[in-house]
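Engineer: Sequence:
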Amino acid sequence: MAQKYKLLKNVTIQHAGYTLYAIKALKSFGDVKADDIGGWVESEANLAQDGTCWIYDEAKVYKDARVSGNAEIRHEAEVNGSAQVSGNAYVSNKAKITDKAHVYGDANIYHEVKIMHSSKVYGNAEICGYSHISEFARVYGNAIISHHANILGNAHVYGNAKVNGYAYVYDDARIYRKAYISDFVKVYQNAKVRGQARVKGYAIISGDAILESSDDYITLRNNWSSGRYFTYTRSNQLFRVGCFLGTGDELIEKAYKDSQLSGDCYEASVLYVKMLEQAFAHNKQKQ
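According to the working numbering, the stretch in the sequence shown is residues 2 to 288, in order.
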(Lines of atoms letter the chains of each structure in order from A and count residues from 1; the text may use other names and numbers.)
(Lines give C-alpha, C1' and ligand atoms only; values in the text may rest on other atoms or scores of the structure.)
Protein backbone atom coordinates (compact mmCIF):
# COMPACT_ATOMS: atom_id res chain seq x y z
CA MET A 1 0.00 0.00 0.00
CA ALA A 2 1.38 3.37 -1.04
CA GLN A 3 1.96 5.74 1.82
CA LYS A 4 -0.20 8.86 1.98
CA TYR A 5 2.06 10.68 4.46
CA LYS A 6 5.45 10.59 6.08
CA LEU A 7 6.95 11.79 9.34
CA LEU A 8 9.17 14.85 9.21
CA LYS A 9 12.00 13.57 11.36
CA ASN A 10 13.59 17.01 11.56
CA VAL A 11 10.39 18.78 12.72
CA THR A 12 9.64 17.75 16.29
CA ILE A 13 8.15 18.96 19.54
CA GLN A 14 8.27 17.68 23.09
CA HIS A 15 4.83 17.09 24.58
CA ALA A 16 3.95 15.38 27.87
CA GLY A 17 7.36 13.71 27.86
CA TYR A 18 7.04 12.37 24.30
CA THR A 19 8.79 13.35 21.10
CA LEU A 20 6.20 14.07 18.43
CA TYR A 21 6.81 14.48 14.70
CA ALA A 22 5.02 16.65 12.16
CA ILE A 23 3.36 14.80 9.29
CA LYS A 24 3.48 15.67 5.59
CA ALA A 25 0.98 14.49 2.97
CA LEU A 26 2.57 12.62 0.04
CA LYS A 27 -0.58 12.76 -2.09
CA SER A 28 -3.97 14.45 -2.18
CA PHE A 29 -6.95 12.84 -0.45
CA GLY A 30 -10.15 14.21 1.10
CA ASP A 31 -9.52 17.91 1.70
CA VAL A 32 -5.78 17.32 2.15
CA LYS A 33 -3.45 18.34 -0.65
CA ALA A 34 -0.09 16.79 -1.46
CA ASP A 35 2.70 18.47 0.57
CA ASP A 36 0.28 19.76 3.24
CA ILE A 37 1.81 19.74 6.72
CA GLY A 38 -0.47 18.22 9.33
CA GLY A 39 -0.40 17.85 13.09
CA TRP A 40 1.76 15.72 15.34
CA VAL A 41 2.25 11.99 15.97
CA GLU A 42 4.69 9.89 17.93
CA SER A 43 4.92 7.24 15.21
CA GLU A 44 3.26 5.99 12.04
CA ALA A 45 1.24 3.60 14.21
CA ASN A 46 -0.80 6.61 15.35
CA LEU A 47 -2.31 7.40 11.94
CA ALA A 48 -3.48 4.90 9.33
CA GLN A 49 -1.99 5.15 5.86
CA ASP A 50 -5.31 4.22 4.23
CA GLY A 51 -8.63 6.09 4.26
CA THR A 52 -8.88 9.88 4.41
CA CYS A 53 -8.14 10.16 8.14
CA TRP A 54 -5.87 13.09 9.00
CA ILE A 55 -4.46 15.05 11.87
CA TYR A 56 -4.68 18.81 11.29
CA ASP A 57 -3.36 22.02 12.81
CA GLU A 58 -1.72 21.54 16.23
CA ALA A 59 -3.61 18.34 17.07
CA LYS A 60 -1.58 15.53 18.66
CA VAL A 61 -1.88 11.74 18.63
CA TYR A 62 0.61 9.70 20.64
CA LYS A 63 1.33 6.69 22.86
CA ASP A 64 -0.65 3.71 21.50
CA ALA A 65 -3.56 5.79 20.19
CA ARG A 66 -4.72 5.28 16.62
CA VAL A 67 -6.69 7.34 14.14
CA SER A 68 -8.13 5.48 11.17
CA GLY A 69 -10.93 5.39 8.60
CA ASN A 70 -12.03 8.89 7.61
CA ALA A 71 -11.66 10.41 11.06
CA GLU A 72 -10.43 13.99 11.51
CA ILE A 73 -8.49 15.37 14.47
CA ARG A 74 -8.27 19.17 14.36
CA HIS A 75 -7.14 22.31 16.17
CA GLU A 76 -5.51 21.46 19.53
CA ALA A 77 -7.30 18.17 20.12
CA GLU A 78 -5.40 15.21 21.58
CA VAL A 79 -5.75 11.45 21.26
CA ASN A 80 -3.49 9.37 23.49
CA GLY A 81 -3.27 6.26 25.63
CA SER A 82 -4.75 3.32 23.72
CA ALA A 83 -7.66 5.40 22.44
CA GLN A 84 -9.10 4.89 18.98
CA VAL A 85 -10.83 7.36 16.69
CA SER A 86 -12.24 5.84 13.53
CA GLY A 87 -15.09 5.89 11.03
CA ASN A 88 -16.16 9.44 10.16
CA ALA A 89 -15.59 10.75 13.68
CA TYR A 90 -14.63 14.42 14.09
CA VAL A 91 -12.60 15.58 17.09
CA SER A 92 -11.71 19.27 17.37
CA ASN A 93 -10.90 22.31 19.50
CA LYS A 94 -9.25 21.14 22.77
CA ALA A 95 -11.06 17.83 23.11
CA LYS A 96 -9.13 14.88 24.55
CA ILE A 97 -9.69 11.20 23.81
CA THR A 98 -7.60 9.06 26.12
CA ASP A 99 -7.06 5.73 27.90
CA LYS A 100 -8.99 2.99 26.02
CA ALA A 101 -11.81 5.21 24.79
CA HIS A 102 -13.23 4.63 21.32
CA VAL A 103 -14.91 7.29 19.21
CA TYR A 104 -16.34 6.20 15.88
CA GLY A 105 -19.26 6.34 13.47
CA ASP A 106 -20.20 9.96 12.76
CA ALA A 107 -19.57 11.16 16.31
CA ASN A 108 -18.71 14.84 16.74
CA ILE A 109 -16.50 15.77 19.71
CA TYR A 110 -15.51 19.39 20.30
CA HIS A 111 -14.72 22.22 22.72
CA GLU A 112 -12.92 20.88 25.83
CA VAL A 113 -14.59 17.51 26.12
CA LYS A 114 -12.81 14.54 27.71
CA ILE A 115 -13.60 11.00 26.57
CA MET A 116 -11.78 8.65 28.94
CA HIS A 117 -11.22 5.13 30.24
CA SER A 118 -13.12 2.45 28.28
CA SER A 119 -16.03 4.65 27.24
CA LYS A 120 -17.47 4.65 23.72
CA VAL A 121 -19.10 7.38 21.67
CA TYR A 122 -20.54 6.52 18.29
CA GLY A 123 -23.45 6.83 15.88
CA ASN A 124 -24.35 10.50 15.36
CA ALA A 125 -23.63 11.43 18.97
CA GLU A 126 -22.45 14.97 19.70
CA ILE A 127 -20.35 15.78 22.77
CA CYS A 128 -19.41 19.39 23.46
CA GLY A 129 -18.67 21.98 26.12
CA TYR A 130 -16.68 20.67 29.10
CA SER A 131 -18.48 17.34 29.26
CA HIS A 132 -16.81 14.16 30.51
CA ILE A 133 -17.58 10.66 29.25
CA SER A 134 -15.69 8.09 31.28
CA GLU A 135 -15.41 4.61 32.78
CA PHE A 136 -17.59 2.25 30.68
CA ALA A 137 -20.21 4.79 29.61
CA ARG A 138 -21.82 4.66 26.17
CA VAL A 139 -23.23 7.59 24.20
CA TYR A 140 -24.71 6.84 20.81
CA GLY A 141 -27.61 7.32 18.41
CA ASN A 142 -28.40 11.02 18.06
CA ALA A 143 -27.67 11.83 21.70
CA ILE A 144 -26.24 15.25 22.60
CA ILE A 145 -24.13 15.82 25.72
CA SER A 146 -23.20 19.45 26.43
CA HIS A 147 -22.02 22.07 28.91
CA HIS A 148 -20.47 20.34 31.98
CA ALA A 149 -22.45 17.10 31.87
CA ASN A 150 -20.87 13.86 33.10
CA ILE A 151 -21.74 10.38 31.85
CA LEU A 152 -19.98 7.77 33.99
CA GLY A 153 -20.01 4.16 35.11
CA ASN A 154 -22.05 1.87 32.88
CA ALA A 155 -24.54 4.57 31.98
CA HIS A 156 -25.98 4.73 28.46
CA VAL A 157 -27.38 7.81 26.74
CA TYR A 158 -28.86 7.22 23.32
CA GLY A 159 -31.75 7.78 20.91
CA ASN A 160 -32.48 11.51 20.70
CA ALA A 161 -31.74 12.14 24.36
CA LYS A 162 -30.03 15.33 25.56
CA VAL A 163 -28.02 15.83 28.74
CA ASN A 164 -26.59 19.25 29.63
CA GLY A 165 -25.86 21.66 32.43
CA TYR A 166 -23.98 20.07 35.33
CA ALA A 167 -26.02 16.89 35.17
CA TYR A 168 -24.56 13.54 36.23
CA VAL A 169 -25.66 10.21 34.79
CA TYR A 170 -23.90 7.18 36.23
CA ASP A 171 -24.05 3.59 37.52
CA ASP A 172 -26.38 1.62 35.21
CA ALA A 173 -28.72 4.51 34.43
CA ARG A 174 -30.29 4.83 30.98
CA ILE A 175 -31.36 8.06 29.25
CA TYR A 176 -33.03 7.53 25.90
CA ARG A 177 -35.72 8.28 23.32
CA LYS A 178 -36.36 12.05 23.59
CA ALA A 179 -35.55 12.51 27.26
CA TYR A 180 -33.96 15.79 28.32
CA ILE A 181 -31.78 16.10 31.45
CA SER A 182 -30.38 19.46 32.55
CA ASP A 183 -29.16 21.69 35.36
CA PHE A 184 -27.86 19.77 38.41
CA VAL A 185 -29.90 16.61 37.97
CA LYS A 186 -28.43 13.26 39.03
CA VAL A 187 -29.62 9.99 37.52
CA TYR A 188 -28.03 6.81 38.81
CA GLN A 189 -28.35 3.19 39.97
CA ASN A 190 -30.82 1.46 37.61
CA ALA A 191 -33.00 4.48 36.92
CA LYS A 192 -34.40 5.10 33.44
CA VAL A 193 -35.46 8.41 31.96
CA ARG A 194 -37.12 8.07 28.59
CA GLY A 195 -39.99 9.15 26.36
CA GLN A 196 -40.67 12.89 26.49
CA ALA A 197 -39.49 13.30 30.08
CA ARG A 198 -37.79 16.59 30.92
CA VAL A 199 -35.90 16.55 34.21
CA LYS A 200 -34.48 19.84 35.47
CA GLY A 201 -33.24 21.54 38.59
CA TYR A 202 -31.83 19.50 41.46
CA ALA A 203 -33.82 16.32 40.97
CA ILE A 204 -32.24 13.02 42.04
CA ILE A 205 -33.55 10.04 40.08
CA SER A 206 -32.31 6.75 41.48
CA GLY A 207 -33.15 3.19 42.47
CA ASP A 208 -35.30 1.51 39.84
CA ALA A 209 -37.28 4.66 39.03
CA ILE A 210 -38.69 5.07 35.52
CA LEU A 211 -39.57 8.52 34.21
CA GLU A 212 -41.52 8.86 30.99
CA SER A 213 -42.94 12.35 31.43
CA SER A 214 -42.15 15.50 33.37
CA ASP A 215 -44.76 14.82 36.05
CA ASP A 216 -43.26 11.46 37.01
CA TYR A 217 -41.15 13.06 39.72
CA ILE A 218 -41.54 15.75 42.39
CA THR A 219 -38.61 17.73 43.76
CA LEU A 220 -38.84 19.42 47.16
CA ARG A 221 -36.40 21.35 49.32
CA ASN A 222 -35.50 20.94 52.96
CA ASN A 223 -35.78 24.58 54.04
CA TRP A 224 -35.92 23.78 57.75
CA SER A 225 -32.34 22.52 58.20
CA SER A 226 -29.92 21.39 55.50
CA GLY A 227 -31.38 23.29 52.55
CA ARG A 228 -30.80 20.30 50.30
CA TYR A 229 -33.25 19.05 47.69
CA PHE A 230 -34.97 15.69 47.77
CA THR A 231 -37.01 13.84 45.18
CA TYR A 232 -40.08 11.61 45.02
CA THR A 233 -40.36 9.31 42.00
CA ARG A 234 -43.86 8.14 41.17
CA SER A 235 -43.01 4.89 39.43
CA ASN A 236 -41.60 3.26 42.57
CA GLN A 237 -43.24 5.64 45.10
CA LEU A 238 -39.94 6.23 46.84
CA PHE A 239 -38.20 9.29 48.29
CA ARG A 240 -34.52 9.99 47.74
CA VAL A 241 -33.13 12.16 50.54
CA GLY A 242 -29.33 12.19 50.51
CA CYS A 243 -28.26 8.57 51.00
CA PHE A 244 -31.76 7.54 52.06
CA LEU A 245 -34.09 5.80 49.61
CA GLY A 246 -37.41 4.56 50.93
CA THR A 247 -41.13 4.99 51.30
CA GLY A 248 -42.84 7.99 52.82
CA ASP A 249 -43.53 6.13 56.07
CA GLU A 250 -39.88 5.08 56.31
CA LEU A 251 -38.77 8.64 55.70
CA ILE A 252 -41.06 10.00 58.41
CA GLU A 253 -39.88 7.39 60.90
CA LYS A 254 -36.25 8.19 60.20
CA ALA A 255 -36.84 11.95 60.36
CA TYR A 256 -38.50 11.80 63.81
CA LYS A 257 -35.44 9.99 65.12
CA ASP A 258 -33.42 13.03 64.09
CA SER A 259 -35.68 15.69 65.62
CA GLN A 260 -39.28 16.71 66.15
CA LEU A 261 -38.94 19.51 63.60
CA SER A 262 -37.45 17.21 60.99
CA GLY A 263 -40.19 14.64 61.56
CA ASP A 264 -42.98 17.22 61.35
CA CYS A 265 -41.59 18.78 58.18
CA TYR A 266 -40.96 15.52 56.36
CA GLU A 267 -44.38 14.28 57.41
CA ALA A 268 -45.90 17.41 55.88
CA SER A 269 -43.85 16.84 52.73
CA VAL A 270 -45.05 13.26 52.41
CA LEU A 271 -48.65 14.43 52.90
CA TYR A 272 -48.16 17.07 50.22
CA VAL A 273 -46.90 14.43 47.79
CA LYS A 274 -49.89 12.19 48.60
CA MET A 275 -52.24 15.06 47.83
CA LEU A 276 -50.48 15.64 44.52
CA GLU A 277 -50.80 11.94 43.70
CA GLN A 278 -54.55 12.18 44.39
CA ALA A 279 -54.78 15.18 42.10
CA PHE A 280 -52.95 13.31 39.32
CA ALA A 281 -55.23 10.30 39.78
CA HIS A 282 -58.37 12.46 39.74
CA ASN A 283 -57.25 14.22 36.59
CA LYS A 284 -56.49 10.89 34.91
CA GLN A 285 -60.00 9.61 35.72
CA LYS A 286 -61.53 12.67 34.05
CA GLN A 287 -59.59 12.14 30.85
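No lab work stands behind these hints, which were simulated from the structure alone. Some hints could be false.
As the list claims (entries may be wrong) - The list that follows gives simulated cross-link-like pairs (lysine-lysine, BS3-like), each with its CA atoms no further than 30 Å apart: (1) Lys64 / Lys28; (2) Lys64 / Lys101; (3) Lys7 / Lys101; (4) Lys7 / Lys34; (5) Lys255 / Lys179; (6) Lys10 / Lys28; (7) Lys179 / Lys258; (8) Lys34 / Lys10; (9) Lys179 / Lys64.
Since this is a predicted model, take the numbers as computed values, not measurements.
Engineer: Does each hint fit the structure? Answer for all of them.
Structural biologist: Hint by hint, here is what the structure shows:
{"no.": "1", "hint": "Lys64 / Lys28", "in the structure": "holds (26 Å)"}
{"no.": "2", "hint": "Lys64 / Lys101", "in the structure": "holds (11 Å)"}
{"no.": "3", "hint": "Lys7 / Lys101", "in the structure": "holds (26 Å)"}
{"no.": "4", "hint": "Lys7 / Lys34", "in the structure": "holds (14 Å)"}
{"no.": "5", "hint": "Lys255 / Lys179", "in the structure": "violated (37 Å)"}
{"no.": "6", "hint": "Lys10 / Lys28", "in the structure": "holds (18 Å)"}
{"no.": "7", "hint": "Lys179 / Lys258", "in the structure": "violated (42 Å)"}
{"no.": "8", "hint": "Lys34 / Lys10", "in the structure": "holds (20 Å)"}
{"no.": "9", "hint": "Lys179 / Lys64", "in the structure": "violated (38 Å)"}
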